[in-house]
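Turn these sequences into a full structure, and let the hints steer you where they fit.
Residue numbers (the working numbering), protein chains in the order written: chain E, 1 to 333; chain D, 1 to 333; chain G, 1 to 333; chain A, 1 to 333.
Simulated from the structure, these hints should not be mistaken for lab results. Each hint should be verified, as a subset may be incorrect.
[Said to hold, decoys possible] Derived lysine-lysine pairs resembling PhoX-like cross-links, with alpha carbons at most 20 Å apart:
{"hint": "1", "chain 1": "D", "residue 1": "LYS313", "chain 2": "G", "residue 2": "LYS294"}
{"hint": "2", "chain 1": "D", "residue 1": "LYS313", "chain 2": "A", "residue 2": "LYS313"}
{"hint": "3", "chain 1": "D", "residue 1": "LYS294", "chain 2": "G", "residue 2": "LYS313"}
Here is what each chain is made of, one letter per residue.
Protein chains: 4
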Amino acid sequence: MAAALVLRASLRLLPRRRKVCAGGAATVSSRAMASKTPVGFIGLGNMGNPMAKNLLKHGYPVIAYDVFPEACKEFQDVGAQVTDSPADVAERADRIITMLPSSPNAVDVYIGSSGILKKVKKGSLLIDSSTIDPAISKELAKEAEKMGAVFMDAPVSGGVGAARAGNLTFMVGGVEQEFDAAKELLTCMGSNVVYCGEVGTGQAAKICNNMLLAISMIGTAETMNLGIRLGLDPKLLAKILNMSSGRCWSSDTYNPVPGVMEGVPSANSYQGGFGTTLMAKDLGLAQISATNTKTPVPLGSLAHQLYRMMCAKGYAQKDFSSVFQFLREEESL
Amino acid sequence: MAAALVLRASLRLLPRRRKVCAGGAATVSSRAMASKTPVGFIGLGNMGNPMAKNLLKHGYPVIAYDVFPEACKEFQDVGAQVTDSPADVAERADRIITMLPSSPNAVDVYIGSSGILKKVKKGSLLIDSSTIDPAISKELAKEAEKMGAVFMDAPVSGGVGAARAGNLTFMVGGVEQEFDAAKELLTCMGSNVVYCGEVGTGQAAKICNNMLLAISMIGTAETMNLGIRLGLDPKLLAKILNMSSGRCWSSDTYNPVPGVMEGVPSANSYQGGFGTTLMAKDLGLAQISATNTKTPVPLGSLAHQLYRMMCAKGYAQKDFSSVFQFLREEESL
Amino acid sequence: MAAALVLRASLRLLPRRRKVCAGGAATVSSRAMASKTPVGFIGLGNMGNPMAKNLLKHGYPVIAYDVFPEACKEFQDVGAQVTDSPADVAERADRIITMLPSSPNAVDVYIGSSGILKKVKKGSLLIDSSTIDPAISKELAKEAEKMGAVFMDAPVSGGVGAARAGNLTFMVGGVEQEFDAAKELLTCMGSNVVYCGEVGTGQAAKICNNMLLAISMIGTAETMNLGIRLGLDPKLLAKILNMSSGRCWSSDTYNPVPGVMEGVPSANSYQGGFGTTLMAKDLGLAQISATNTKTPVPLGSLAHQLYRMMCAKGYAQKDFSSVFQFLREEESL
Amino acid sequence: MAAALVLRASLRLLPRRRKVCAGGAATVSSRAMASKTPVGFIGLGNMGNPMAKNLLKHGYPVIAYDVFPEACKEFQDVGAQVTDSPADVAERADRIITMLPSSPNAVDVYIGSSGILKKVKKGSLLIDSSTIDPAISKELAKEAEKMGAVFMDAPVSGGVGAARAGNLTFMVGGVEQEFDAAKELLTCMGSNVVYCGEVGTGQAAKICNNMLLAISMIGTAETMNLGIRLGLDPKLLAKILNMSSGRCWSSDTYNPVPGVMEGVPSANSYQGGFGTTLMAKDLGLAQISATNTKTPVPLGSLAHQLYRMMCAKGYAQKDFSSVFQFLREEESL
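As structure tokens, then:
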């Protein structure tokens, strides 16, 4: 919201919606045809690294940048061009994917002093796969539009494993005419590319899913714990819930109680999976979006607080289903 | 908990567990063989009425009682014997089903001054289908055992429609050897009869399911509302959630947002379905069980409070999915 | 609620309100005049022990009972008569004070098989200083009335220190005409004896105060922690709050932040004071009362859950202001 | 947080802390001496209007601006100079006070295209009395510093009445050496000017106080409602709380229950006072600050949600103590 204003301040005299699309459309189709021209990739961390490698595997030359030089080295070795700044990437590639840890990083990479928009080419396609505040995505899209470029938000679901296997899900927000161009690249890294609507709705969809996921995971953990203390066998309780109206992904696919299912983090001391800190971050974004849109989210808000507390109680790096363990601990007298 | 103590006070000298089962078993098998002997039914309200009728349809003579004489009349007309008190029912039938609105009613019907246990026959099978505090079920079972009878808790899921159609789900707690005898009767009224464990676990299973249901329903409502305010189309958002980890029964089978699904209460002004007051009642039981077992249930607890508030804001008689509407209302300035 | 029903079942034919008070009043005044006749005391734990000693100091012969024989010994040594059961106490004293840990214990001591009411004398004054569910107090009062005795609830605030010093606060519920007789005894143990209304309102007042206390303590802890993280000096922040509308007993008299005040548990590693388990117990009673009266208490309910969680995270025996420390812990990466 | 980054992006090469203070100090003292030189005032709404008038009463020429021209008219009539933009104010006055409704407005007024910083004079003192995100205050201070000006945050407590009477409380954050200069102006409008620490801490103090206020108000409302339903007289309950550990400003000075106190909004149908929407706004700021600093604020967060819900249920314009009425409503069957 704040960034919105900051950016809006200098955008006052611009038309709110691009009305003339002819030039842009032309550029886009030239992009689409030249499909093996270089693709920029900014942010080579745990997720970005395997994503960029999948682009390379599909034959795309990659122009890479990361704020940590070491993260770039291995790309240099496999033939990617490494640059000195996001602006340099923008000079050399007209399709750029960014994968960054948080809203401030995204703002910096796009509109910072050596950011993409300082040297972006007209007609460029900018795809941000970071999970950030959708209000920021919207503002970045406006700034990009001002420079004649197209910005889309395309956050992912699925973790490092899915990134390696190339079967992430992308939730994409932005101008619908550009979706096919984005999809061409995203299908190299994901098996599922969903168009969600105007810019920001990719983020919105991701944030919404994860908020509901957190709520139902904590709910499942509370419920299983209560049932066990009331004398129910955990496997039987899970079975009953899963054939009843309490059924949810957290109960039938990712049950948080050790011994109920195989092949899930709860069967492996809550290692792997989706970390509690990451869930806390996404819930923080949901909270900010809810505050800004004046939407009451009482359970989402409490879920946020609970994951925030867990982070400080030794659960930060465990899978988010470890909330069962957190709630299960008993008073020792 | 309190009732537990009250009852326990006079139970001090009894053995805690029935050790001699021989006689009981003999009685049970005689019951099981004489399957078309009369069945008592106490509590002929919205749910009890169609349940008792289904017993009649299956050829069981019914000995009926309800605190409201009018509720009994229509049974008299169809050939059921109507009695003056629960004790009278117990005198004439050795299998009795009770379907009562709350814990105090159940206590009264079983151990009140003209309650079942005043005249229960040895070896009788007492099945309580009310939804009550599982701690009360346990105490009633102890009192019944003292009189040589067997008490099982068998609360239902499915509403009036399922009661009429005879496809309720029964969650049954009690001595395992008696489960078949109970099932014989319950299958006349339900399509699904699940054995949950020792007495009280039927209640526990129901309470647990409904607590998780309430949590995921409110979570779905919050999430859909937030998504809509962030610009997502509700049908599309539901579709995304349902193929992702946010999926739950409330999102994929009973979506609370008008226009997303057909044939659910949200498509019909939240009429029919499972009323908000009933959900508030079940959440109250979950809360009491959690307090008594010192189990933390933060989201379950907040869900209880929200349904409690809704009851006072005009939503008491609407389906519990109307929490979407409750949260959706916008500030008018 | 459940106990209510159990008890009410056998009370059906009794008049709901004692209409003839003449005899009772007579008995009461004979009690009041003979002020140094023996006083029964049941429950000689951490609180009951110093309370009973204060009665002795004021010249009252004490007839003592505790379920643990060791607890009685020291009273035998100082001249108190020790008995074998609550019933025995009732046989020898017509004024009895009980100080018990929980609702079930109170039910047992009053209406158990060797409980007070088995041998209570007509016109006896029974004062329960335990903190229990007010609905149970009401039922015990009805049972006592049935035997011609008067029951009053008189829970205390102030801990072991106040019990020793004889400056507890008693919140008293019961028939107003008996208040003076109760006060005569209670002033031996407390400096403040407040009449709250009909039976049960003593408990209600205590539960209400402690619920608001828990809420404002957690609120103070959250606020101080947030302020500190936003760069405020804790002493200065406390000063600002205390001269503003955020002021509360937890901020100005019992501040939970180490270093802000002297002579409070936060200045002494949260030792002493009012333990987290005790607060969790009182919040559980508030929760049960709220559920039974269908009163929405969203913050009270969440406060209960938080203290419940703290009990399982090593804070059970610390003062309840240690919620600051619980919330303060930081994520270590 | 987002704005922080946006701004920081262009601030990279600047020293993080002003190291040379000599020149600044000189400017300040010249400002301080020339005390009746004009003072700029931007934002002439419900609060700003009486504040600016109090400056005029104290003999300060006022250079005024508001985005709504009508708001300026009455100042023109009393001799204030009205300008066309915040930048114009900055050209004519080296001491400026701003009083704006929200973070985005403040960002716009300071760093927008015709904002104060476009034409601010070196050595100017900029005092923002708006209630905004403290992170934004910090960023605005950095931007001001870049232009050689000093920015302080000085949000107020006390409503329109206090603004008229000139007895607001100002909580001031910023460079300590400038505090006296700020205080000179602020004492014309307030009776209490508190120095809180570095820039942003004025906001932090206000947000903290209001979060604790909201928590204890809701807590008081819940508690009074529960007590009443348990049979306590509201006046008596308030009296008991106020002499006990549950005591807080909301119970002893601003009791939310009609009939308990005189001269408070609850005695006047919750008219006047501090509106629910304003409280919801401040709780939203607290929430954002807590999210950004990863501080768990479970009760603060739930308080925010409750006030958010109230805004949509017809309580938006009522005093925030109307939460008692909101929770009090009973289910009508």
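Taking the hints in turn, this is what the structure says about them:
The straight-line distance between the Cα atoms of D:LYS313 and G:LYS294 is roughly 13 Å, inside the 20 Å bound, and the hint therefore holds. With a CA separation close to 9 Å, the supplied pair D:LYS313 and A:LYS313 stays within the 20 Å bound. About 13 Å separates the Cα atoms of D:LYS294 and G:LYS313, which keeps this hinted pair within 20 Å; it holds.
Checked against the numbered hints given earlier, this structure breaks none of them.
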